[in-house]
Each structure stands twice: as structure tokens, then as C-alpha cells.
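Build out the structure end to end from the sequences listed, making use of the hints.
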Amino acid sequence: MTGYLIRRVGQALLVLWGAYTVTYFILYLLPGDTLSIMLSASGMEADGLSPADLAKARAYYGLDKGLIAQYFDLLGRALHGDLGQSLSLNRPVVELLAERLPQTLSLAGLAILLSLVGGVGLAYLTAYVQWRPLKVALTRVPSFGFSIPVFWMGLLLIQVFAFGLGWFPATGSKGFESLVLPAITLAIPSAAVYAQVLQRGFQNVWQEPYIQTAFAKGLSRAQVQARHGLRNAALPILTLVGLQVGNTVSGAVLVETIFSRNGVGRLAQEAVLRQDIPVVLAIVAVSATAFVVINLIVDLLYPWLDPRITHSPKVA
Amino acid sequence: MNAPRITRALLASCALALGLAACSASNEQTTGKTLNITFFGDNTTLVSVDPFQVYWLEHRVLLRNVAESLTDQDPDSGKIIPWLASRWEVSDDALSYTFHLRKDVTFSNGERFDAQAVKTAFDSNKAFAKELPATFGATYLAGYDHAEVIDDFTVRLVLSRPNAGFLQATSTTNLAILAPASYKLTATERSLGKIIGTGPFTLDHYTPEVGARLVKRAGYAWASANVKNQGAAHVDVVDISYVPEESVRNGLFLQGKTDILWPRNPFSEVDSKLFQSKGATLQSRSLPGPALNLYPNTRNARVLADRQVRLALQKSIDRVSYAHTIYNADFPVVSGVYDVTTPYFKAQTEKLAYDPQGAEALLDQAGWQKQADGYRYKDGKRLSIRYNLTPAETAGDVLIQDQLRKVGIELKINVLTRAEWVAGNSQGNYDLTSTYMTRADPIILQTILDPRTANSATLATNTYEPHTLETAQALFDAGITATQGAQREQAYGKLQDLLTDEASAFPIYERVWQAATSPRVKDFRWTAEGFAFLSDIEVGKP
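In order, the protein sequences belong to chains U and G.
Here the first sequence is numbered in numbering that gives the first Met the number 0, starting from 0 and rising by one per residue.
Here the second sequence is numbered in numbering that gives the first Met the number 0, starting from 0 and rising by one per residue.
No lab work stands behind these hints, which were simulated from the structure alone.
Here the structure is a predicted model, which means the values were calculated and not measured.
Cβ coordinates follow ideal geometry from the N, Cα and C atoms, glycine included.
Some hints here could point you the wrong way.
Here are the simulated DMTMM-like pairs of lysine to aspartate or glutamate, each with C-alpha atoms no more than 25 angstroms apart in a straight line [as the list claims (entries may be wrong)]:
{"no.": "1", "chain 1": "G", "residue 1": "Lys369", "chain 2": "G", "residue 2": "Asp354"}
{"no.": "2", "chain 1": "G", "residue 1": "Lys215", "chain 2": "G", "residue 2": "Asp522"}
{"no.": "3", "chain 1": "U", "residue 1": "Lys173", "chain 2": "U", "residue 2": "Glu94"}
{"no.": "4", "chain 1": "G", "residue 1": "Lys493", "chain 2": "G", "residue 2": "Asp92"}
{"no.": "5", "chain 1": "G", "residue 1": "Lys369", "chain 2": "G", "residue 2": "Glu359"}
{"no.": "6", "chain 1": "U", "residue 1": "Lys173", "chain 2": "G", "residue 2": "Asp235"}
{"no.": "7", "chain 1": "G", "residue 1": "Lys411", "chain 2": "G", "residue 2": "Asp372"}
{"no.": "8", "chain 1": "G", "residue 1": "Lys129", "chain 2": "U", "residue 2": "Asp32"}
{"no.": "9", "chain 1": "G", "residue 1": "Lys493", "chain 2": "G", "residue 2": "Glu469"}
{"no.": "10", "chain 1": "G", "residue 1": "Lys411", "chain 2": "G", "residue 2": "Asp378"}
{"no.": "11", "chain 1": "G", "residue 1": "Lys125", "chain 2": "U", "residue 2": "Asp52"}
{"no.": "12", "chain 1": "G", "residue 1": "Lys377", "chain 2": "G", "residue 2": "Glu359"}
{"no.": "13", "chain 1": "U", "residue 1": "Lys64", "chain 2": "G", "residue 2": "Glu130"}
{"no.": "14", "chain 1": "G", "residue 1": "Lys183", "chain 2": "U", "residue 2": "Glu94"}
{"no.": "15", "chain 1": "G", "residue 1": "Lys521", "chain 2": "G", "residue 2": "Asp203"}
{"no.": "16", "chain 1": "U", "residue 1": "Lys173", "chain 2": "G", "residue 2": "Glu245"}
{"no.": "17", "chain 1": "U", "residue 1": "Lys173", "chain 2": "G", "residue 2": "Asp238"}
{"no.": "18", "chain 1": "U", "residue 1": "Lys55", "chain 2": "G", "residue 2": "Asp122"}
{"no.": "19", "chain 1": "U", "residue 1": "Lys64", "chain 2": "G", "residue 2": "Glu419"}
{"no.": "20", "chain 1": "G", "residue 1": "Lys129", "chain 2": "U", "residue 2": "Asp52"}
Part of the chain U face toward chain G, derived, beta carbon under 7 angstroms [claimed, not checked]:
{"no.": "21", "residue": "Ser35"}
{"no.": "22", "residue": "Ile36"}
{"no.": "23", "residue": "Thr170"}
{"no.": "24", "residue": "Ser259"}
{"no.": "25", "residue": "Asn261"}
This is the structure:
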């Protein structure tokens with residue numbers, strides 16, 4: 000078990016380093032360079048400046064190092080916990096993340112919770128219902144939920160619940176009320192996936208011999224479903240939750256824009272567009288860490304939840 | 000018993016999440032009269048509310064009410080009028096400007112506004128421009144050499160070379176005078192909202208991409224003659240928020256959650272009608288500076304190197320239908336290279352008239368023959384124009400494409416990221432491109448179309464054929480060294496003629512800035528720069 004853990008942590012570090020490095024070089028491969036974007040943003044194009052002025056501007060923005068030198072400089076400092084300075088936001092990246100991350104984390108946390116409640120609830124209901132037409136209708140709901148575009152759902156929710164009924168604010172990041180609509184918007188596609196997977200899981204589980212045994216013991220349908228069905232059908236959901244964490248940053252880009260929220264998703268999108276390398280690298284590092292850690296936890300949870308799975312090597 | 004247990008576990012975790020989320024900051028309660036303004040998204044490329052660095056229009060609106068300038072500009076006549084300076088003299092060689100300052104002005108931190116403060120402001124700006132020559136304010140400060148404190152309330156600003164736009168520059172937000180204490184801070188601190196001025200409001204805080212709050216300053220009493228309310232502001236607080244999503248922004252306004260809806264682009268006809276049906280007033284003003292022009296690349300044997308083709312292109316654009324279909328029937332039709340609010344504007348209505356037959360005749364003469372597919376060809380090559388734009392095409396771009404197709408010109412709309420667009424401009428990899436700047440003086444065109452001072456020397460060079468470039472530069476020189484209004488009028492008049500006659504600029508639409516004000520907002524008034532004096536605004540019951 001210890002060996003397994005060390006191996007997994009080693010892999011995780013490798014993944015982190017890979018993500019960091021690939022992102023750095025991709026940003027350099029993008030057309031245009033950071034200096035031109037920064038100058039253009041302050042109303043000047045690089046070709047309008049003399050070489051001496053260009054050198055000054057390069058030094059002002061800290062861009063006067065070579066590609067590789069800058070990479071090692073950034074990496075070295077990142078290892079010491081210094082994620083550098085955002086070029087356009089004029090602030091340390093750590094400070095930016097400290098300000099933005101809680102916004103996205105609370106959004107993602109509530110969204111995951113809502114998607115679990117919604118997805119598991121729907122699948123559970125589908126499995127429990129025995130009236131055929133309703134069962135079929137419920138089986139179709141996930142594909143519907145998955146195919147609605149996120150931005151459209153967000154606007155629809157705003158229209159109905161913010162502008163129509165006035166229950167929740169349409170925009171902003173202040174207070175719990177402002178979190179509800181964005182979290183629902185972000186939760187719907189994942190809830191649909193959970194429901195889809197779990198519905199299929201229940202279908203398969205119902206055919207297993209231990210279900211027959213459970214019925215034969217005299218348990219009611221509700222008891223069989225809760226005690227024997229759900230526990231066996233729900234295992235793949237765990238993997239999906241692990242994957243969903245990685246999707247929250249990308250999902251947050253849209254949701255945070257629609258609801259004018261001030262989170263990491265929007266920060267990431269804008270940092271990429273203006274090639275603000277330290278910010279993009281920091282966000283990639285943070286989300287990759289979250290992704291790796293959650294998936295590690297998921298893997299470690301498996302044998303605990305299902306004793307049939309074990310990480311010890313099988314010797315023939 | 001298991002099912003209830005699961006339900007209970009789920010409920011408990013829900014409650015936990017709700018509880019955690021509820022711990023975040025709750026809504027701030029405001030007392031007194033609050034004016035809510037909603038702009039579109041914040042500038043995320045250059046985050047700064049330092050007046051000297053800011054080019055973002057929305058930030059300049061905010062700053063105009065926090066920091067004030069030596070002079071002001073009459074929005075109707077373009078004349079420079081007293082503000083923090085009660086009068087001034089300009090030397091005959093237009094190189095030295097002596098300002099006599101008001102004696103009753105203080106900064107919001109209690110510091111006295113005096114000659115030394117003005118010197119500190121101009122010298123600090125000059126030092127910053129030296130460190131970062133690309134900063135926006137540098138163009139306003141062009142030629143500034145040093146300041147001499149004559150006495151406590153008299154200061155002389157001395158230029159090393161003529162700058163006919165300098166007096167106007169002293170009226171702009173970019174050369175607003177901040178308190179000496181502000182300049183002791185770093186540029187970064189100022190950028191993030193540590194701005195101390197003499198204005199009717201103080202900047203309470205600025206949170207990038209979220210919003211800003213202005214708080215009324217009691218005891219304010221030195222407004223310029225442009226402001227009707229000469230005393231302290233009518234509203235106590237101005238809450239500014241940035242909402243990037245258009246439908247959400249409009250919804251907030253229709254719900255009465257914001258008083259002034261102020262996006263960058265003019266409202267569509269549908270939106271304007273909807274707002275007006277709810278009792279809103281649409282405020283409009285053409286932003287001073289160049290109109291929304293397309294600039295050609297006439298170099299390297301590209302298709303627009305041929306003046307005939309450029310003139311044909313000029314004639315193929317139906318500006319009336321552009322204004323009326325993209326915006327609305329009341330939208331002004333662009334009538335020159337500058338917007339009408341720019342001093343020394345000269346209308347070119349005749350030369351910009353829609354004349355598809357004339358365009359077709361010119362193209363025929365130039366050897367471009369129409370073929371069966373409706374496009375024109377010469378030596379087997381299609382008449383195709385590459386138009387670089389960022390970040391997204393608009394309905395207007397597609398309309399132009401359609402108008403040009405009617406005379407047989409293919410307009411290739413080339414949508415690029417900002418980085419690619421910048422690179423395209425500097426490499427001359429385009430036939431048409433577009434850019435703009437806002438300033439109520441014709442001198443602003445030098446930052447676009449004079450290769451010696453332009454942001455992009457390549458764009459500025461490419462827009463003229465070689466022989467035209469010399470004439471244009473001579474006119475720019477005549478304009479900036481002129482000491483009399485009549486001389487400037489002549490120089491900039493000729494320049495505008497030249498740009499139209501040579502088809503070195505293709506005006507598309509008047510850059511009108513529109514704001515919708517709710518029925519409870521009274522006395523919204525534009526400044527010469529196209530901003531608003533918020534201290535004039537009263538909010539009441541509709």
C-alpha cells in the first residue's frame with residue numbers, strides 16, 4: 000500500500016510538471032507576443048517604438064529574459080511558492096488566486112453537491128418507478144439536460160428566477176443568493192451524466208443474483224434498492240466526480256461570465272487571451288493539483304467502498 | 000431504515016454547503032441617494048484607473064468625477080474654459096503656458112491645490128512616460144519640458160517643442176491633477192484605485208472586473224462652468240458595476256436595478272424601443288476623435304495600392320443604410336474622417352456618398368471585369384480584400400461585405416485574436432484594418448496616422464501611397480505648430496480633404512456613445528470628452 004501511494008504521488012508530480020511545462024510552451028507558440036499585447040493594451044504597437052524604448056518596455060514588464068531562462072526562473076520561483084506577478088493585473092498571482100479561488104470553489108462545491116443530489120435522485124427515482132411510460136420519460140431526461148447549452152440555461156434561469164420572480168440576484172458574487180443560479184447552471188450537465196450512468200448501473204444491478212437473494216430474504220423493493228442496488232450501482236459515480244473537478248474551471252468560464260462573477264474561470268480565460276503567462280501557469284498548476292489530488296483520493300476510496308477491489312499486486 | 004439515512008446525510012451536507020456559502024460577505028447596505036451605473040465588461044488587458052495611463056472610456060468617466068484638470072472644454076464649442084486654473088496666458092511662440100490657479104481648492108486628503116501640486120503632477124507624469132514610453136498619457140504630454148513655480152498659485156509649464164494641442168490636453172482626464180500624496184505611491188497602487196483628486200467624488204474602491212464606488216465629497220465648490228450644479232453632488236454614492244453579458248445588463252436596467260445603462264456600443268433599434276417604452280431616456284453623443292474608419296494597406300503591390308480601387312471602395316459603402324439598419328433611423332450618418340464633435344471637423348458628405356454605378360465604372364477602368372459569379376477579376380485573380388478585425392465580427396461588418404459584393408468586390412472578414420491582429424498590423428498582412436482613439440482635439444489622429452508618432456508606424460505608413468505620406472506629414476506638422484485657430488483649421492481641413500480624396504481612410508460610422516437613463520435620473524450631461532458630470536445628476540422618484 001505504501002509503495003502504491005509513493006508511486007501515485009510520483010506520477011502526480013510528473014503530471015503537474017508536465018501540465019506546467021506544456022502550458023508554458025503553448026503560450027509561447029501562440030501568435031503575437033506578450034509585449035505586443037501589453038503595448039497594444041496601453042495604446043501603442045511595438046512597431047511604433049524605437050528599439051531603445053522597446054527594450055525599456057520589455058524591462059518594465061519583466062520580459063527581458065529568454066524563453067528558457069524565463070521558464071526556469073518561473074518554475075524555480077513556483078517551487079518556492081512564489082507564483083510571480085500578473086503582467087496586466089499589476090498584482091502578485093498568489094494574491095489574485097486567494098481572492099478569486101474561494102469564489103470558484105464555493106461555486107464548484109455547490110454545483111457538485113447539486114449535481115449529485117439531482118443526478119442520483121433522478122436515477123434513484125427512475126429505478127424505483129414501475130409505471131412504464133413514466134420510467135421511459137425519466138430515462139430521457141438526462142440526455143435532455145446534457146444537450147442544453149450552459150450559456151442558454153444560465154440566461155433562462157436569470158430570466159425566470161432573477162428578472163421574473165425576483166428570487167435571486169442576476170449578477171454578482173456577494174452572498175449565498177448570488178451562488179444559487181450559477182451553481183444550478185453548472186450542475187445540470189454533470190447531474191445529467193450522473194443520472195445517465197446510474198440509471199444504466201441500476202439496470203445492470205437488477206439482474207444480478209444477489210438482488211434475487213435480497214428479494215428472497217423478504218426485503219421490500221425500497222429496501223433492496225437502497226441497501227443492495229444503490230451501493231453497487233453507484234461506484235462509477237465516484238470516478239465521474241473526480242473528473243468533474245477538472246471540468247469546473249472550464250465550466251466556470253461560461254458561468255462566471257454570464258453571472259458576472261469574479262472567479263478563476265474568467266481569470267483563466269482572460270489571462271490566456273492576453274498571454275499573461277504567470278497567471279495561466281498558476282491556474283493550470285492549481286487546477287492540475289486539485290484534479291490529481293481528487294483522483295488520488297477517489298482511487299484510494301475504491302477498496303474501502305468495495306472490498307472486492309484491492310491495490311495489492313496479484314501474484315499468479 | 001437506509002433510505003431515510005441517505006436522505007438525512009444528503010440534507011446535512013446540503014445544509015453544510017449552504018452554511019459555508021452564507022459565510023461569505025453579505026450585501027452592503029447603503030443609505031442615502033445612490034446612483035447605479037452599469038458598464039459593459041472591465042478592461043482586463045491593462046488594469047488601471049491611473050488617469051495618466053487610462054485609455055478605457057469607462058474608467059475615464061469614473062475618473063472625470065474624482066480628479067480634475069487645469070482647464071475644461073466646452074462640449075458645444077470645443078473652447079477651452081477655466082477650471083482649476085481661473086485664467087492663463089500662452090506665449091507667442093506657444094511654448095510656455097502660465098496658469099493662474101484657483102485659491103480655494105483642496106484635494107480630498109486635505110492637501111492644498113497649488114502651483115507645487117501642479118508641478119509635481121506634470122513632472123511625475125513626465126517621469127512615468129520616460130519609464131514607459133508607450134503609456135497613453137504620453138501623447139498628451141508631448142513636448143512638455145518642465146514646470147516653473149512662479150508663486151503659490153501661479154505655475155508656468157514650458158514645452159521644448161510646439162504642441163498646439165497642449166492647452167486642450169490640460170483639460171483632459173488624462174492630465175488630471177492628483178494630490179502630491181498620490182504620486183508618492185507606485186504606479187501600481189494608483190492603478191488599483193489609490194487616486195486622490197479634487198473632484199466632487201472620492202474613489203472609495205475599485206475592484207477590477209467587479210465595480211467601483213464613488214462617494215460624494217462634502218464641501219466641494221469649484222466646478223467648471225460646464226457643470227450646472229456648482230456645489231456638492233446631489234447623490235451620495237455612485238455604484239459602478241461591470242456586466243459583460245448584454246442580456247443580463249439590459250435585464251438589470253429593465254428591472255430598475257440600475258439607473259444608467261452604459262455599454263460601449265450603441266443600442267440596437269429593438270433595445271432602444273424597449274428601453275424607451277419603459278420611460279428610459281437615451282443619451283447620445285458622438286465621441287470626439289476619428290470616426291470608425293477602416294484604414295487601407297496601399298503598399299507592397301496589394302490590391303488597394305491602386306487609388307482607383309480605393310475610390311471605388313469608398314463609393315461602394317452605403318453609410319446611410321449602415322447607420323439606419325445596424326442602429327436606427329435617428330442614428331447620425333458618418334460625414335467625415337472625424338466625428339462631428341471633434342474641433343475643426345470638416346464634413347465630406349459629398350465625397351462619401353453611396354454611388355455603386357460610379358464604383359463599377361472606376362473598377363471597369365482599372366481593369367477589374369465582372370464575371371459570372373458576380374465578382375470582378377483581373378488577370379485571373381479575384382478582387383478580394385482582406386479585412387483584419389478583433390475580437391468578433393459585427394452585423395455591420397457583414398453588411399459592408401454585402402454592399403461590396405454588389406459591385407463585385409469580395410471582402411474577406413478575417414476574425415483574429417487581439418495578439419494576431421496586432422501582429423497582422425505590424426507585418427502589414429492586411430488590406431483593411433481599423434482602430435480608434437478618443438480625444439476632443441484633431442491632434443489625436445497623429446497617434447494613428449502619422450508614422451513618426453503613431454502607435455503602429457506600419458499601419459500609419461501603409462495607409463498612404465508614398466507621395467501622399469509626405470503631404471500628410473506636412474499637414475500634421477502645420478497643425479501641431481500652428482499658434483492660431485485659423486491656421487489649425489486650415490491644416491486639419493486640408494488633412495481631412497486629403498484623407499478622403501486619396502481614400503486613405505474609409506469612414507464607416509459615427510462613434511456614438513449611448514447611455515440609457517432610467518426615469519428617476521435627471522440632468523445627465525455629457526462632457527466634451529464624451530463622459531458625464533455625475534455631480535449634476537439628481538435621482539428621485541420617476
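Results of checking the hints against the structure:
1. Lys369(G) <-> Asp354(G): Given that 25 angstroms is the threshold and the Cα spacing comes to 17 angstroms, the pair holds.
2. Lys215(G) <-> Asp522(G): 17 angstroms, holds
3. Lys173(U) <-> Glu94(U): 19 angstroms, holds
4. Lys493(G) <-> Asp92(G): 23 angstroms, holds
5. Lys369(G) <-> Glu359(G): 9 angstroms, holds
6. Lys173(U) <-> Asp235(G): 22 angstroms, holds
7. Lys411(G) <-> Asp372(G): 16 angstroms, holds
8. Lys129(G) <-> Asp32(U): 23 angstroms, holds
9. Lys493(G) <-> Glu469(G): Roughly 13 angstroms between the alpha carbons, so the hint for Lys493(G) and Glu469(G) holds.
10. Lys411(G) <-> Asp378(G): OK: Lys411(G) and Asp378(G) at ~20 angstroms, within 25 angstroms.
11. Lys125(G) <-> Asp52(U): OK: Lys125(G) and Asp52(U) at ~15 angstroms, within 25 angstroms.
12. Lys377(G) <-> Glu359(G): 14 angstroms, holds
13. Lys64(U) <-> Glu130(G): Given pair Lys64(U), Glu130(G) holds - Cα atoms ~18 angstroms apart, limit 25 angstroms.
14. Lys183(G) <-> Glu94(U): 23 angstroms, holds
15. Lys521(G) <-> Asp203(G): 24 angstroms, holds
16. Lys173(U) <-> Glu245(G): 20 angstroms, holds
17. Lys173(U) <-> Asp238(G): This hinted pair holds, its Cα atoms lying about 15 angstroms apart.
18. Lys55(U) <-> Asp122(G): 19 angstroms, holds
19. Lys64(U) <-> Glu419(G): The hint holds at about 22 angstroms.
20. Lys129(G) <-> Asp52(U): Roughly 9 angstroms between the alpha carbons, so the hint for Lys129(G) and Asp52(U) holds.
21. Ser35: It holds, given that the least Cβ distance between Ser35(U) and chain G is near 5 angstroms, below 7 angstroms.
22. Ile36: 5 angstroms, holds
23. Thr170: 6 angstroms, holds
24. Ser259: 5 angstroms, holds
25. Asn261: 5 angstroms, holds
Of the hints listed earlier, there is not a single one the structure fails to meet.
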